[in-house]
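> Chains as they are written, first to last, in UniProt numbering: chain A, 1 to 248; chain B, 1 to 248; chain C, 1 to 248; chain D, 1 to 248.
What the hints contain is simulated information worked out from the structure, not anything from laboratory work. The C-beta atom is built at its ideal place from N, Cα and C for all residues, glycine as well. One or more of the hints may lead you astray.
To be verified - Okay, the calculated bits of chain C under chain B, using three or more residues with CB under 8 Å as the criterion:
#1 26-35
#2 109-116
#3 157-165
#4 194-207
To be verified - Derived DSSO-like pairs: lysine-lysine, alpha-carbon spacing no greater than 27 Å straight-line:
#5 K134(C) to K86(D)
#6 K3(D) to K176(C)
#7 K2(B) to K176(A)
#8 K176(A) to K154(A)
#9 K134(C) to K2(B)
#10 K176(A) to K134(B)
Stated by the list, open to error - Reference listing, derived: stretches of chain C covered by chain D, where coverage requires no fewer than 3 residues with Cβ under 8 Å from a Cβ of chain D:
#11 5-13
#12 132-143
There are 4 protein chains.
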Amino acid sequence: MKKIAVIGAEGRMGSQVVRAVNAADDLELVAELDRNDDLTAETLNGAEVAIDFTNPQVSQAHVLACAMAGCDVIVGTSGWSEADTKFVLPALEKTRALIVPNFAISAVLAMRFAAEAARYFESAEVIEMHHPDKLDAPSGTAAHTAQVISEARKEAGLGDSPDATEYDEDGARGAKLHGVHVHAVRARGYMASEEIIFGNAGETLIVRTDTTDRACYMPGVVLAARNIHRLSTGLHIGLDTVMDLPNE
Amino acid sequence: MKKIAVIGAEGRMGSQVVRAVNAADDLELVAELDRNDDLTAETLNGAEVAIDFTNPQVSQAHVLACAMAGCDVIVGTSGWSEADTKFVLPALEKTRALIVPNFAISAVLAMRFAAEAARYFESAEVIEMHHPDKLDAPSGTAAHTAQVISEARKEAGLGDSPDATEYDEDGARGAKLHGVHVHAVRARGYMASEEIIFGNAGETLIVRTDTTDRACYMPGVVLAARNIHRLSTGLHIGLDTVMDLPNE
Amino acid sequence: MKKIAVIGAEGRMGSQVVRAVNAADDLELVAELDRNDDLTAETLNGAEVAIDFTNPQVSQAHVLACAMAGCDVIVGTSGWSEADTKFVLPALEKTRALIVPNFAISAVLAMRFAAEAARYFESAEVIEMHHPDKLDAPSGTAAHTAQVISEARKEAGLGDSPDATEYDEDGARGAKLHGVHVHAVRARGYMASEEIIFGNAGETLIVRTDTTDRACYMPGVVLAARNIHRLSTGLHIGLDTVMDLPNE
Amino acid sequence: MKKIAVIGAEGRMGSQVVRAVNAADDLELVAELDRNDDLTAETLNGAEVAIDFTNPQVSQAHVLACAMAGCDVIVGTSGWSEADTKFVLPALEKTRALIVPNFAISAVLAMRFAAEAARYFESAEVIEMHHPDKLDAPSGTAAHTAQVISEARKEAGLGDSPDATEYDEDGARGAKLHGVHVHAVRARGYMASEEIIFGNAGETLIVRTDTTDRACYMPGVVLAARNIHRLSTGLHIGLDTVMDLPNE
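Next comes chain A alone, as it looks inside the complex:
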């Protein structure tokens, strides 16, 4: 049984993580901590892995505290800057920190498939759909997908997708990120969806993910908790680092 601490255990995500850890046969919940708790070797209570779902303002401090306690830590956040990263790095000589922007396995695989497919198609575009309360557009995942597609196309000697558009006064062609067009839909009824479109003459390939409930993040959280010890010490980014995917 691997010993697990949950930081932010009373939050929306944290409370689901508590249940998911309790439901996993090979994980043992040894600490539930929230904003009024100190974060020390004592309160971490022998945890081998801490799972942090708090917020970007405090997560660096949490990573340092875990490192001091000799505990690996998984942080669910999309909000770290490069400065944040540099700040924590020296403390991670003997332990691991894994930053995960998106725990949905479908989203991680979609991005990977986008990277693999990009070199084989003349055209590529990204559409993301989210609930209408989201403040920013496009989503971080869609922007990252565009980057990944762009890099794969460049490596294969491909330029931008063909586009004869001359008249587009109202901006219907959307954002162009890293040379890839990205469209953001905001509609009630969606939580988070993404559709990646690849096209050649006479064929299209679509990779699409729909997430409809936060429950979708739990398999990724459990997977990360189980496998983080396989990583080298230091800082790692992305759930794919702990999945057994073929080498690129």
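Given the coordinates of chain A, work out where chains B, C and D should sit on it, guided by the hints.
Chains B, C and D only, in chain A's frame:
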């Protein structure tokens, strides 16, 4: 047997129309005309209906010529201005001209369904996908769909769809036409597709059309040729005017 | 303010209905009843409309009790037999009972669009996707959609969709209901979805609904509560009876 | 310039291959052969690679003839039996034969992504859509996809997808191949499409391919012609063997 003339009979669309008319049991092809032919009662050869697939610059003259010959005329074009319309109207006292921006039955029905559904959903957006050689974005069909949705929402007392977006520096939210967001994808592998998205809490309704071959326009052309005589004399717009759809 | 009673108020659906009624400006909740409560004019407490989310075994008795109390009643159930219907009908001389198999507005509209589109396409098939705990296949909604399509095709003089299949040892072509092929997918991640496919040479039209949360039923429940008094007295079936849809 | 022969050069696919080879800067067409031509070192005219689009009855003989002439050969067919394979194998000591059931790059990638994703999801099903003139159901590609998914699930210790279905009198659940449900849609408007559905609680991942024109096969044909020399001598199956995909 209804007698039919095809104007622009050697063109890409016209040549398909010739075949479609020949294949229809109840239609008889009596004239195939192209750019070197005069357009007179004589050359129209007794046609009851002329089908014109030429180009917006000459189609008004063709409509007038057909009217003078006492022949109903169907024009496939998305390019008439209001001035064009006013120009031909006085000549249509005894015959009919039917202007059809889109002969695809799936596209006509999609727009109709959009009008019916719009009042029942909190959110509505439109995505259109076309081949990358298209010069304008969004497509005329998508812009018209946005207008139809907007009108139905207003009639039902609904304002714009909810949208909390504050940060969208790159324009990922696309065009906003008549208060409805419209997105244009350009990718090899598509001819013309449209997806209309409606959303309420916990549910989405999608109406999607994909056209992949010009053959898709022929059932609409034949339908129009069969039914145009049911219309009142004068000018009419849209294939829906000759379909037996429930009254709105 | 219209006075509303909820029957089965402590159940999964009933408790959501209680919240939805409380949230509607023009509805007033005057009674919350559950299995230990009698159903009389007194306990209904002046309700003009009762909303029943209990189970098929008791709903007929509930309809009778509401009728005796002079109260219109809306029943959410897909389970009434013809005998049930005949049993309650004589009691509904002065009040209305509305039986609703599916309160999702997207599903009601999808079926309506299917009926309208069916006559214009050579091919039509239905796919439904549900969670893997569902006991029956296909869903009642998909079976009803097939029936509606079949009737519209017959009316238009169309036979079955073309199908040259000669070898299908394993049954991949799915069920054939009323001459229309119906496919049932069972996968974790879905609540209830339906995709209706129409095809002509060179074009397809897709109508798709995805429901991901029981919240999606509430707009339909509120709509029914608001509009049931417009119906004639007696028994009515389907949410579409209280929606302002164009006449067929 | 690599020297290419096309066998079956007058056929539907062969004539497109002729054009595609002529359009490729690094390929030179040295022979166009059809049913009245002998297949010898002389008629192959120094070709390094022969591309055969004839039919399963003669393709083994063609492979032998190419091998005798010292020429690699690519065969577009889904129709070889194990006996066929054994028959040609001894002749391939010094040359290569590459059998390709599906040249569409989107279809090859979809199958590969299915194999990668399968181990991460509780549920998996396959839907294929084809034109209604197809004789068999499901398609060979869909059956192969089911097999690939099944193998990946087994390797990961997963059994069949969950399925509580008790009542399915009409067979709506479709075919069960290798433990994976496969559904076949036949509708006018499709050439060949496939949708692979993966689901976990709260999320779905869709991989979908649509092919609408035989043109989609040409990039795969050209890719195979360019890269076949990298393979070891002997018999190989599948376009993926000549694509630079990450090792599994």
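> Each of the hints needs a verdict: does it hold here or not?
Consistency of the hints with the structure:
| no. | hint | verdict |
| --- | --- | --- |
| 1 | 26-35 | violated (count 0) |
| 2 | 109-116 | holds (count 5) |
| 3 | 157-165 | violated (count 0) |
| 4 | 194-207 | holds (count 9) |
| 5 | K134(C) to K86(D) | violated, 47 Å |
| 6 | K3(D) to K176(C) | violated, 52 Å |
| 7 | K2(B) to K176(A) | violated, 52 Å |
| 8 | K176(A) to K154(A) | holds, 16 Å |
| 9 | K134(C) to K2(B) | violated, 54 Å |
| 10 | K176(A) to K134(B) | holds, 18 Å |
| 11 | 5-13 | violated (count 0) |
| 12 | 132-143 | holds (count 8) |
Hint compliance for this structure: hints 1, 3, 5, 6, 7, 9, 11 are not met, and every other hint is.
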